[in-house]
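> First residue of the sequence shown: 1, per full-length UniProt numbering; consecutive thereafter.
There may be inaccurate statements among the hints.
FRET-style restraints, in silico, Cβ to Cβ [as the list claims (entries may be wrong)]:
#1 Pro-51 with Asn-98: 28 to 34 Å
#2 Lys-36 with Lys-74: 32 to 38 Å
#3 Pro-39 with Ser-109: 26 to 32 Å
#4 Leu-75 with Pro-39: 18 to 24 Å
#5 Lys-56 with Thr-88: 17 to 23 Å
#6 Val-113 with Gly-35: 21 to 27 Å
#7 Lys-61 with Asn-98: 20 to 26 Å
#8 Val-113 with Ser-65: 35 to 41 Å
#9 Ser-33 with Tyr-87: 32 to 38 Å
#10 Thr-66 with Phe-112: 36 to 42 Å
#11 Ile-69 with Pro-49: 30 to 36 Å
#12 Ser-63 with Ser-109: 30 to 36 Å
#13 Thr-59 with Asp-30: 18 to 24 Å
#14 Phe-81 with Lys-37: 34 to 40 Å
By construction, these hints were calculated from the structure, which means they are not laboratory data. For each residue, glycine too, the CB sits at the ideal point set by N, CA and C.
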Amino acid sequence: MASKQSLLVLAAVAACLLLLPAASVATDVDYCSRGKKYPVKVSGVQIVPDPVQPGKPATFKISASTDKIIQKGKLQTLPSFTPPGSYTITMKIVGDDNEELSCISFGFSIGFVASS
1 MASKQSLLVL
11 AAVAACLLLL
21 PAASVATDVD
31 YCSRGKKYPV
41 KVSGVQIVPD
51 PVQPGKPATF
61 KISASTDKII
71 QKGKLQTLPS
81 FTPPGSYTIT
91 MKIVGDDNEE
101 LSCISFGFSI
111 GFVASS
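Using the sequences plus the hints, can you model the full thing?
Right, here's the structure in full:
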């Protein structure tokens with residue numbers, strides 16, 4: 001039989017685990033053209049929150065590197081209303097002269113209920 005002290009320690013550890021924020025994991029990406037040498041190399045996308053919550057803002061943080069100097073960019077937005085479910089997005093990174101610097105696709109989910 002477990003002692004009272006052991007049960008208290010176990011309860012404290014369980015409470016700490018419940019209070020930890022969900023771990024942010026980078027989402028794997030696929031390049032649009034597998035054989036193409038893109039100037040911008042994307043290593044992953046972090047989606048916050050994951051899954052995306054209906055009616056709430058979401059951020060897609062792209063981890064990438066390049067040898068090119070990029071002075072401007074274009075922002076891609078999702079529709080303001082998208083039904084819950086699983087989606088695959090294709091995202092192009094283009095330079096000033098519309099040169100395609102990278103093109104990736106990755107999956108993400110939109111939850112069914114917004115959390116408070």
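> Could you run down the list of hints and mark each one as holding or not?
Each hint, compared with the structure:
no. : hint                            : in the structure
1   : Pro-51 with Asn-98: 28 to 34 Å  : holds, 32 Å
2   : Lys-36 with Lys-74: 32 to 38 Å  : violated, 20 Å
3   : Pro-39 with Ser-109: 26 to 32 Å : holds, 30 Å
4   : Leu-75 with Pro-39: 18 to 24 Å  : holds, 19 Å
5   : Lys-56 with Thr-88: 17 to 23 Å  : holds, 21 Å
6   : Val-113 with Gly-35: 21 to 27 Å : violated, 42 Å
7   : Lys-61 with Asn-98: 20 to 26 Å  : holds, 24 Å
8   : Val-113 with Ser-65: 35 to 41 Å : holds, 37 Å
9   : Ser-33 with Tyr-87: 32 to 38 Å  : violated, 21 Å
10  : Thr-66 with Phe-112: 36 to 42 Å : holds, 38 Å
11  : Ile-69 with Pro-49: 30 to 36 Å  : holds, 33 Å
12  : Ser-63 with Ser-109: 30 to 36 Å : violated, 20 Å
13  : Thr-59 with Asp-30: 18 to 24 Å  : holds, 21 Å
14  : Phe-81 with Lys-37: 34 to 40 Å  : holds, 38 Å
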